[in-house]
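Protein sequence lines correspond, in order, to chains A and B.
When we follow the working numbering, the leftmost residue of the first sequence carries the number 68, and every step to the right adds one.
When we follow the working numbering, the leftmost residue of the second sequence carries the number 64, and every step to the right adds one.
Bear in mind the hints are in silico, worked out from the structure with no lab data behind them.
Positions of the beta carbon are idealized from the N, C-alpha and C atoms, including for glycine.
Incorrect hints may appear among the rest.
Stated by the list, open to error - What the simulated footprint calls covered on chain A by chain B, stretch by stretch (three residues with Cβ under 8 Å from a Cβ of chain B suffice, anywhere in the stretch; the number is not a length):
id	segment
1	186-193
2	275-286
Unchecked claim - Take a look, some chain A residues computed to stay more than 10 Å from chain B by CB distance:
id	residue
3	V86
4	G133
5	D136
6	G211
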Amino acid sequence: MPSPARIDASSAAHVVQLVGVTRTYGSGASAFHALRGVDLTIDEGEFIAIMGPSGSGKSTMMNILGCLDVPTSGTYRFRDVRVETLDRNRRALLRRHFLGFVFQGFNLLARTSALENVELPLLYRGEPREKRRAAARAALEAVGLLAWQQHTAAELSGGQQQRVAIARAIVTRPALLLADEPTGNLDSERSSEIMQLLTTLNREQGISIAMVTHEPDMADYADRIVHLVDGRIADVQRRAEAS
Amino acid sequence: MLWSTILLAFRAIRRNAVRSLLTVLGIVIGVAAVVTMVTLGNGATRSVSEQIASLGSNLLMVLPGKRLGPGRDSAGAPAFKIADVAAIEVQIGALKAVAPSVTTGATLVHEAKNWATTVTGTSRAYFAIGNWKLVAGRVFSDAEEKAGKAACVIGETVRRELFGREDPVGARLRVKQFSCTVVGLLRAKGQSAMGNDQDNTVVMPLRTAQRRLTGSRDVGLLLVSLRDGAASERVQDQLVQLMRERRRIADNEEDDFNVLDTRQIAQAMSGTTRIMTMLLGAVAAVSLLVGGIGIMNIMLVSVTERTREIGLRLAIGALEHEVLLQFLVEAVVLSSLGGLAGLVLATIASVALARLIQVPWIFDLQINAIAFLFAAGIGVLFGSFPARRAARLDPIEALRRE
Ligand SMILES: Nc1ncnc2c1ncn2[C@@H]1O[C@H](COP(=O)(O)OP(=O)(O)OP(=O)(O)O)[C@@H](O)[C@H]1O
Ligand SMILES: [Mg+2]
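Pulled out of the complex, with its shape left as it was, chain A reads as follows:
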């Protein structure tokens, strides 16, 4: 197993730097260019929202940012690491130590308690049980669900499940939290609760966030809104400009 120490991504001015990133699915005549040259940097502690029509390449970009996928061409620097040069297992280690994921479909283990769901990423870090428990409780407390720690995911409401998923994403204190339509399955009241939670985590714990959303109300919580159209960045709005 490659040791985590060999993936040194401890600090840099930017968390993320994409330069000329393309992603092409398939090849030849049936090739589809989902990303066509994306340049993007995310600063440490920044909260960005990614918007765009369906099929514009938002999820494709998130997969690359999350080191689940690699660009077809261009470079992706995560802090000082050239991600496109890493093999599958190295990228897994990078995710394990520096990234947190929140999915639209929550993706919790249904018949497992909230506490154990949150502990899961720490298990792969090889943390001792006591430390895991303490960290998972702290993360559940941060999302306001400490009282629900013994409930299984299936027993929780949608909003609660997403909060557990957020707790699971932050329990490792990641450098970057990736959320692909985190409020896509929630009503507007639950959605704004989740957004407030993300904002708080961003401000108080300094976790950088990249979030995909279709809803302008949700995007407004971000420092910056990146608009994707046809695999290209069409527009970037600073929060000051938005209102």
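Assemble the complex: chain A is given as a structure, and chain B with the ligands must be docked to it using the hints.
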């Protein structure tokens, strides 16, 4: 990490308890069948070899008749006479003892009870040849033998059926039409390899049996016991030669008698049980294999069902080999549990069956260990394909799956 993986496997198995149970049924039955068969086979082999010892080692039997086995033709073959015994004793060396034997079925009567048994008429040498020991009384004396006195020695079964709590020694026993005195009680031997009760017997002097029961001077069977270390084949050759002369068989004629070596019979019999054990073991091994395929099937279903879970684990940083290990451990835990259940079942079944077919129950650590490891090995073998499939999943694809 390994420990938590094992715990995780237990949890996954418990979550689908019924399905897991059905899955491992093949393994359970396979292991149970193998271990039961081998355990009973060992018992049967042991019981046969105990029979060899109880028959008396190095025993030859001489029977009249041309051939053995199916189509045996004893008609026309003259019986032996008492003089044959004397001739063998004198002319063949390396012998421990020779005894004549006539056997006949007879109904015994004592007071109000009666009992059917086999009566053997023989000489005193019979007891040494057959490894018979006495529990009470004595065997008939030389004088009683020569005079054909009505003195008999009974087996344990006869005592139990006719005498109950009464002391049989000195009691009178009616055998068919005549009455004889019980002079001794034989120690129990139990069942023979063929399954008949050796203790259901009455032994009396040859002459008594001839006169009172068979009414002829024929001797049905000669028992020849060799000295330790004597070469059975040479003695057999000498016996054949001597009997051919005595029975005036021309050079171009077949023997009209047979010489059997009980040790050869016993070896043939234990060989048969060994082959049976191996055959049944092979059948059971096939069922283990089928059980293994069941495990593979269920693990593939499990991988498909849990694609999203696997995708999640990979996304949050599980390495390929960690996912592989998780599913492999699950398969091994599943098949090992099946193996364990099989061993428990085998113990219960073999104890009960051993009692039923009356062979000793012998715990065989080796076969238990082998069967268990085999079951676990099947988990590794048939679990590795589904586990590899899980580990190679693309997390993006896996997470998208509904
Ligand atoms: N594995 C793949 N193979 C082929 N084409 C793909 C693959 N994944 C995505 N695409 C295509 O790439 C384009 C961009 O997809 P992507 O999922 O990034 O869109 P999106 O912006 O997230 O859309 P949505 O808002 O609907 O989620 C789509 O046209 C999609 O069909
Ligand atoms: Mg998408």
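Comparing the hints with the structure gives:
1. Only when three residues or more bring their CB closer than 8 Å to a CB of chain B does the claim for the segment 186-193 of chain A stand; here the count is 6, and the claim holds.
2. Evaluation of the coverage hint for the segment 275-286 of chain A: breached, as 0 residues show C-beta separations to chain B shorter than 8 Å, against a requirement of three.
3. The claim that V86 (chain A) lies off the interface holds: its Cβ sits roughly 22 Å from the closest Cβ of chain B, which is beyond the 10 Å cut-off.
4. Under the 10 Å C-beta cut-off, the non-interface status given to G133 (chain A) relative to chain B is violated; the minimum distance is some 7 Å.
5. Look at D136 (chain A): its CB is around 6 Å from the nearest CB on chain B, not clear of 10 Å, so calling it non-interface is violated.
6. With 10 Å as the threshold on Cβ separation, the claim that G211 (chain A) sits away from chain B holds: the shortest Cβ distance comes to roughly 22 Å.
In this structure, the earlier hints numbered 2, 4, 5 are contradicted, and the remaining ones agree with it.
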